[in-house]
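Chains F and P supply the protein sequences, listed in that same order.
Oh and the first sequence: position 39 is 39 in my numbering, straight run, nothing missing.
Oh and the second sequence: position 30 is 30 in my numbering, straight run, nothing missing.
To be clear, the hints were calculated from the coordinates, so they are not data collected in a lab.
Don't take each hint at face value.
It does not matter which identical chain is meant; a pair holds if it fits inside one copy or across any two.
Derived SDA-like pairs: lysine to any residue, alpha-carbon spacing no greater than 20 Å straight-line [what the hints assert, rightly or not]:
| no. | residue 1 | residue 2 |
| --- | --- | --- |
| 1 | Lys276 | His98 |
| 2 | Lys276 | Arg70 |
| 3 | Lys314 | Ala84 |
| 4 | Lys59 | Gly280 |
| 5 | Lys314 | Leu303 |
| 6 | Lys62 | Arg104 |
| 7 | Lys314 | Asn152 |
| 8 | Lys276 | Leu72 |
| 9 | Lys276 | Pro73 |
| 10 | Lys195 | Lys276 |
| 11 | Lys276 | Leu71 |
| 12 | Lys62 | Val341 |
2 protein chains.
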Amino acid sequence: MAQALTFDDLQRRVEQVFARAGLAPHQGASLARVIAAGERDGCKSHGIYRIEGVLRTLKAGKVSGTALPRLLPTDGAIVRVDAAGGFSNAAFDLGLPHLADRARDLGLAALVINDCTHFAALWPEVEALTGQGLAGLVMCPSYATVAPAGGNRPLLGTNPLAFGWPRPGRDPYVFDFATSVAARGEIELHRRAGKSLPEGWAIDADGQPTTDPDAALGGAMLPFGGHKGSAISTMIELLAGVMIGDLTSPEVLDFLGTTTLAPFHGELILALSPEKFAAGRSGDPFARAEQLFEAIQGQGARLPSQRRYAARAKAMAQGVALTPAETAQLDRFLALGLDAVA
Amino acid sequence: MAQALTFDDLQRRVEQVFARAGLAPHQGASLARVIAAGERDGCKSHGIYRIEGVLRTLKAGKVSGTALPRLLPTDGAIVRVDAAGGFSNAAFDLGLPHLADRARDLGLAALVINDCTHFAALWPEVEALTGQGLAGLVMCPSYATVAPAGGNRPLLGTNPLAFGWPRPGRDPYVFDFATSVAARGEIELHRRAGKSLPEGWAIDADGQPTTDPDAALGGAMLPFGGHKGSAISTMIELLAGVMIGDLTSPEVLDFLGTTTLAPFHGELILALSPEKFAAGRSGDPFARAEQLFEAIQGQGARLPSQRRYAARAKAMAQGVALTPAETAQLDRFLALGLDAVA
Chain F
1 MAQALTFDDL QRRVEQVFAR AGLAPHQGAS LARVIAAGER DGCKSHGIYR
51 IEGVLRTLKA GKVSGTALPR LLPTDGAIVR VDAAGGFSNA AFDLGLPHLA
101 DRARDLGLAA LVINDCTHFA ALWPEVEALT GQGLAGLVMC PSYATVAPAG
151 GNRPLLGTNP LAFGWPRPGR DPYVFDFATS VAARGEIELH RRAGKSLPEG
201 WAIDADGQPT TDPDAALGGA MLPFGGHKGS AISTMIELLA GVMIGDLTSP
251 EVLDFLGTTT LAPFHGELIL ALSPEKFAAG RSGDPFARAE QLFEAIQGQG
301 ARLPSQRRYA ARAKAMAQGV ALTPAETAQL DRFLALGLDA VA
Chain P
1 MAQALTFDDL QRRVEQVFAR AGLAPHQGAS LARVIAAGER DGCKSHGIYR
51 IEGVLRTLKA GKVSGTALPR LLPTDGAIVR VDAAGGFSNA AFDLGLPHLA
101 DRARDLGLAA LVINDCTHFA ALWPEVEALT GQGLAGLVMC PSYATVAPAG
151 GNRPLLGTNP LAFGWPRPGR DPYVFDFATS VAARGEIELH RRAGKSLPEG
201 WAIDADGQPT TDPDAALGGA MLPFGGHKGS AISTMIELLA GVMIGDLTSP
251 EVLDFLGTTT LAPFHGELIL ALSPEKFAAG RSGDPFARAE QLFEAIQGQG
301 ARLPSQRRYA ARAKAMAQGV ALTPAETAQL DRFLALGLDA VA
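Turn these sequences into a full structure, and let the hints steer you where they fit.
Now the structure itself:
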């Protein structure tokens with residue numbers, strides 16, 4: 001029978017797992033919050049499923065669980081946090097108030113996170129910005145698993161792009177998606193289920209279109225939206241890799257030598273103040289945005305993240321349900337620490 | 001026989017057309033530069049073909065050809081130009097040096113253009129930024145002609161998104177595309193040629209998929225990349241419409257009552273300084289970007305804009321070739337001014 005935990009209890013349980021594995025409290029707490037949030041929101045692919053990857057990356061020595069992120073002197077509109085080889089999450093938490101202050105002062109500002117290991121979805125960071133009344137645009141590279149449009153082998157990452165717009169008194173407008181057609185995990189799921197892939201997801205090692213999951217995993221994924229998505233993904237390599245002085249997706253793969261560990265690179269977070277941008281103009285930007293959302297929903301289209309918010313509302317009322325296997329896995333992680341993973 | 005003009009001669013000829021139509025020199029010169037650049041780059045859809053739309057929008061009283069754009073006091077990282085009902089181009093030219101200064105000082109900055117009529121491609125503006133050693137991200141709404149993913153009628157615009165990265169000594173990395181699958185003009189071209197549309201371009205007035213150009217023009221276009229492209233297009237409405245206190249695509253259509261005149265709205269231009277963002281990190285961002293471009297081209301994929309740059313190189317060497325019909329049209333515009341259009 002499934003066990004239901006409160007969000008807070010789940011978060012504490014995950015914190016305990018990370019403490020047992022040797023993570024310092026500031027790293028473990030930041031990680032546990034986003035993992036519990038993923039589980040709460042029904043994003044199983046970013047929930048407790050991710051703990052094992054965190055532990056494996058720790059055990060492989062590719063991330064420091066005790067690194068103290070360091071806020072560097074702010075330069076103009078650029079806030080910079082050196083994650084010092086730790087997880088991105090604690091670095092983000094350190095930089096967030098400074099980013100928000102700069103964005104409110106200047107109208108827009110950037111948070112650069114360098115030398116971090118990244119394993120989470122971007123929406124928790126976007127929501128942290130919308131929670132401060134700011135719009136946010138977040139991006140980072142990944143590892144080379146996606147061929148550029150017209151190419152024939154992996155080069156770009158699945159390079160997620162996320163955006164949020166604050167909606168006072170409501171869940172924010174948030175999107176967060178890979179710039180590949182599908183996530184690598186979806187191809188893996190098709191492989192395990194013995195199912196063919198839809199057309200257009202991937203190419204094989206010879207650069208030919210394939211619907212065979214094994215051939216796809218040995219070849220390359222494709223960007224969403226053809227050359228347009230490929231161009232956006234390239235922009236993410238440039239801005240959130242090259243420009244911020246951190247690794248691009250091919251460099252990440254060279255560094256790790258595998259796609260089974262969490263990627264090590266940097267991250268770029270832009271924050272914009274709607275109040276500053278709208279100053280002196282007629283109309284309240286938040287009210288006007290609601291008109292746009294009503295028009296979208298009024299024709300039967302969905303806003304992104306609505307499924308996630310519905311799952312969240314249910315979890316906050318009824319608890320987060322874990323399967324017996326998930327509960328057993330958490331217990332095992334707690335008992336064995338890093339010995340629980342290969 | 002086609003007539004070849006030098007780029008400068010073509011630009012002067014177009015300036016004369018605009019002077020004859022009553023545009024003030026500062027408006028006409030900015031417009032003529034981007035129209036001549038479109039023709040030079042083989043972008044016929046943004047070349048002298050656009051002159052007629054400019055004249056029609058002027059004649060309809062929906063744009064001022066004599067408006068003096070006004071630089072408002074810079075607030076933090078936000079440079080703002082009130083186009084005062086004139087064309088976006090003169091407003092951009094006024095704001096550009098101030099935007100570049102702020103981006104170099106702060107690391108990133110925004111130029112907001114309000115109350116402008118917009119008819120040009122965005123790449124000339126992106127290239128103006130890369131020419132200053134800055135990366136640029138530019139976006140604006142359009143008019144409601146695109147249904148959101150899952151919707152059934154026009155709401156979003158074709159909302160172009162453009163990005164540029166400077167390449168010292170070479171043509172910059174630039175993309176500039178509509179966030180709809182196809183541009184409206186492409187559907188019109190299929191209609192005139194009596195050809196069916198590819199699947200996935202459009203829906204009819206009942207919200208059903210259609211490959212009939214007439215049904216598509218009476219229905220709605222679709223965003224590129226399904227719900228991902230739809231989300232990006234919605235972001236453009238929010239940032240470059242609502243946030244900057246200017247019209248969204250449905251509001252533009254309400255204001256103009258037609259899609260045959262150039263749209264009236266605002267524009268958002270972000271400029272980022274790679275030197276500032278990379279400061280204190282190892283590696284030269286411009287050299288590292290070249291490695292990425294080489295890797296893309298090394299597997300046979302193209303960088304965006306390469307066809308445009310090839311056309312440009314040829315035009316700069318051999319002149320810009322106009323057909324006899326195009327030459328006659330320019331002569332007619334010069335002779336008749338606004339009387340040349342309905």
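Hint check results:
1. Lys276 to His98: both (17 Å within a copy, 18 Å between copies)
2. Lys276 to Arg70: Between. Shortest inter-copy distance 19 Å satisfies the 20 Å Cα cut-off; intra-copy 29 Å does not.
3. Lys314 to Ala84: So Lys314 and Ala84 fail the 20 Å test inside a copy (38 Å) and across (50 Å) alike.
4. Lys59 to Gly280: neither (54 Å within a copy, 30 Å between copies)
5. Lys314 to Leu303: Classified as within; 18 Å inside a copy, 46 Å across copies.
6. Lys62 to Arg104: neither (36 Å within a copy, 35 Å between copies)
7. Lys314 to Asn152: Answer is neither: 44 Å inside a copy and 30 Å across each miss the 20 Å cutoff.
8. Lys276 to Leu72: For Lys276 and Leu72, the Cα distance is within 20 Å only across copies (14 Å; inside one copy 26 Å).
9. Lys276 to Pro73: So Lys276 and Pro73 pass the 20 Å test across copies only (13 Å; inside, 24 Å).
10. Lys195 to Lys276: Neither way: Lys195 and Lys276 sit 51 Å apart in one copy and 48 Å across, limit 20 Å.
11. Lys276 to Leu71: between (25 Å within a copy, 17 Å between copies)
12. Lys62 to Val341: Classified as within; 15 Å inside a copy, 67 Å across copies.
Hints 3, 4, 6, 7 and 10 from the earlier list are contradicted by this structure; the remaining hints agree with it.
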